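Asker: As you go down the protein sequences, you meet chains A and B in turn.
One point on numbering: in the working numbering, the residue at position 168 of the first sequence is 168, and numbering is uninterrupted.
One point on numbering: in the working numbering, the residue at position 3 of the second sequence is 3, and numbering is uninterrupted.
Think of the hints as simulated: they come from the structure by calculation, not from any bench.
None of the values given here were measured: they were computed from a predicted structure.
Incorrect hints may have been included.
Same chains, same names: a pair is fine if it fits in one copy or spans any two.
Below, simulated DSBU-like cross-link-like pairs (lysine-lysine); rule was C-alpha separation at most 30 Å, straight line [to be verified]: (1) Lys198 with Lys58; (2) Lys3 with Lys270; (3) Lys107 with Lys83; (4) Lys83 with Lys104; (5) Lys141 with Lys107.
2 protein chains.
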Amino acid sequence: MKKILFFISDSTGLTIETLGNSLLTQFNYMDAERITLPYINTVEKAHQAAQTIQWYCKNDCKNVLIFSSLVDPEIRKIIRNTKAIMLDSFETFLPQLEQALQEKHKKNIGLSHAVKDENTYASRIEAINFALLTDDGGGTKHYDQAEIILTGISRSGKTPTCLYLALQFGVLAANYPITEEDLHTYTLPKPLQPYQSKLFGLTIQEDRLQEIRAQRRPDSRYASSKQCQVECQQAEDLFKQHYITYLNTTRFSIEEIATHIIHQRGMKRKRF
Amino acid sequence: MKKILFFISDSTGLTIETLGNSLLTQFNYMDAERITLPYINTVEKAHQAAQTIQWYCKNDCKNVLIFSSLVDPEIRKIIRNTKAIMLDSFETFLPQLEQALQEKHKKNIGLSHAVKDENTYASRIEAINFALLTDDGGGTKHYDQAEIILTGISRSGKTPTCLYLALQFGVLAANYPITEEDLHTYTLPKPLQPYQSKLFGLTIQEDRLQEIRAQRRPDSRYASSKQCQVECQQAEDLFKQHYITYLNTTRFSIEEIATHIIHQRGMKRKRF
C-alpha cells in the first residue's frame, strides 16, 4: 500500500519538511506521497486537516505518517486524534529544553521563518542584489565588496551557488566565467587578478558537464566530449597553477557546495 | 553568562540549524552565540569538536547547548561525553520511527541535502535560469512557460521571492515591474495582459517602502513619502480592478511570502 506523509505546521512548514525529510533518508519512505499542510494555526483549520488525514487513513492508519511542528497543544491534540503515526518536533523537544534551560517556553507560533530584524533583512536583500549585479562576470568594479568570487568554466555551478550563498547565508558572492582564451593562455582573467585571496574555483567531471551542456545545446562543439574534457582539465590546471582552492561539484547539491565553501573559508553563517 | 549554541552535523548542518532555531524561538536564546560544526563525520573530527565544546564549557556546561544530527552512535557518544546539554534529532526520533514503521534505519550519513536524482536537479537549475531570464520584466516571450508571474512596484519584494521560489521549490517564477505610467492609466502592462491567471501581486506598506527606497537613493523623488504613498495606493487599486490576488509583504520574510504564494495557488512543492 502507498505510504502517505503529512507535514503539518502552524507556519510555513519549512522546518518540519526539512526535519522529516532528513529522518526519512534513514528509511524506505523517500518515494512516498508527500502532503504539506502549512498555516494550521486555528482549531478550525486543525479539524479540516484532521479530516484530510482521516480520508487518507480510511480504515487503516498504518501507512500514514505525520510530521508536525505545532506549538499549540490544542491544535496538536486534534491532529493526534486521527490515530495516524505522529511525530511533533515541539512536543518532543520542548519538555527536554524546558528542563535543560530551566525556563518555560513562550507559546509563540510561526516564528521560525519570520523576519528577525530589519537590518538583517536589509543585508540579505543586499546580498541578493550583489549576486545579481555580479553574476557571470558582471559588475567587476564591485569586487572590493565581494566576500567570495567563484570562478570556473560554463555550467560548473557558479550562478546557483552564488544565489544560494546570498539567500541562505547573506554572503556577498560574485562569479566570473573562465573562457577558452583564459584556458589556452593559462592566465587568470584580468578582473580577477587583484582578488586572488577571494577566489574559489568550481570544477566538474567531464561526463557530467557534457550531459548538462548537451541539454542546453545538443550536438554543439560546446557540448562535445573533446571540448568538455579539455576545458575540465585546463581549468583544474589553471587553479593549481594560481593556488586557487577548488571543489569538484559533480556529486554535490547546491546546499552542499555552498556550505563546503562557507566551512572551508571559515565564513560566518548569517541567520535569517 | 553568555549562552553558547552548537549545531553539529555529519553533513551540511542545515537541517539541525533549522530545527534548533525553530525550537529556540520559544526561549530567550535568540541572541546567544552560535557555532556550527558541519561535516563531523569521523571519530577524529568528533574528538576535535568535543575539545572545542569543552573549551567553551570551561568548568560549567550549563550555558552550552548542543543541537546535533549525528547518525553514527559512536560519534554521537563522543559529543555527549562533553557533558553539555545535547539534543540530537536522530537519537530522539529514530527509535520512535523504527517502532512506528517496523523497520530498522539505514545508518547512511549526510543524505539530507545530497543530490536526490539528476532529473530533479536539472529542473531546479532550469527554474533558477528561468528566474534570472525573466527577472524585472525580462524574457516576457517565455511567459507561456511561467507557473507564476509576480508583479508590483519597485522594491515590493518580487526578485528575492522569485529566486527563492526557484531555488527552494523549483517553481518557474517570472516578475514584472509596474511603472508609474501603468499606475496612472490603471492599465496592466501589455506583456501581462494575456496571462491574467498567472499573475500574483505584491504590495508593501508605504512607510516601509520609503525606508527601503531611501537606503538605495536617499533624498530622491523615488524615495519621497508622497511618491511611495501614491504608488502603494495605485498598485493596490490596479490589482483590485483587474482581480489580481495580492499579498502585502511588509511583515513577511522571503520564506513566508514564497510559501504563502505556493499555498494560495495550490502549487506542488518540489523536493531537492
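Asker: Compare the structure with each hint and give your call.
Answerer: Results for each hint:
For a Cα distance limit of 30 Å, the shortest separation of Lys198 from Lys58 qualifies neither inside one copy, at 58 Å, nor across copies, at 35 Å. Within a single copy, Lys3 and Lys270 get their C-alpha atoms only as close as 37 Å, which misses the 30 Å cut-off; across copies the closest is 18 Å, which meets it. In this assembly of identical chains, Lys107 and Lys83 lie within 30 Å of each other by CA distance both inside one copy and across copies; the values are 25 Å within and 28 Å between. In the homo-oligomer, the alpha carbons of Lys83 and Lys104 lie at most 30 Å apart both inside one protomer (29 Å) and across protomers (22 Å), since each shortest distance falls under that limit.
In this assembly of identical chains, the alpha carbons of Lys141 and Lys107 never lie at most 30 Å apart, being 48 Å within a copy and 48 Å across copies at closest.
The structure fails hints 1, 5 (numbered hints given earlier, in ascending order).
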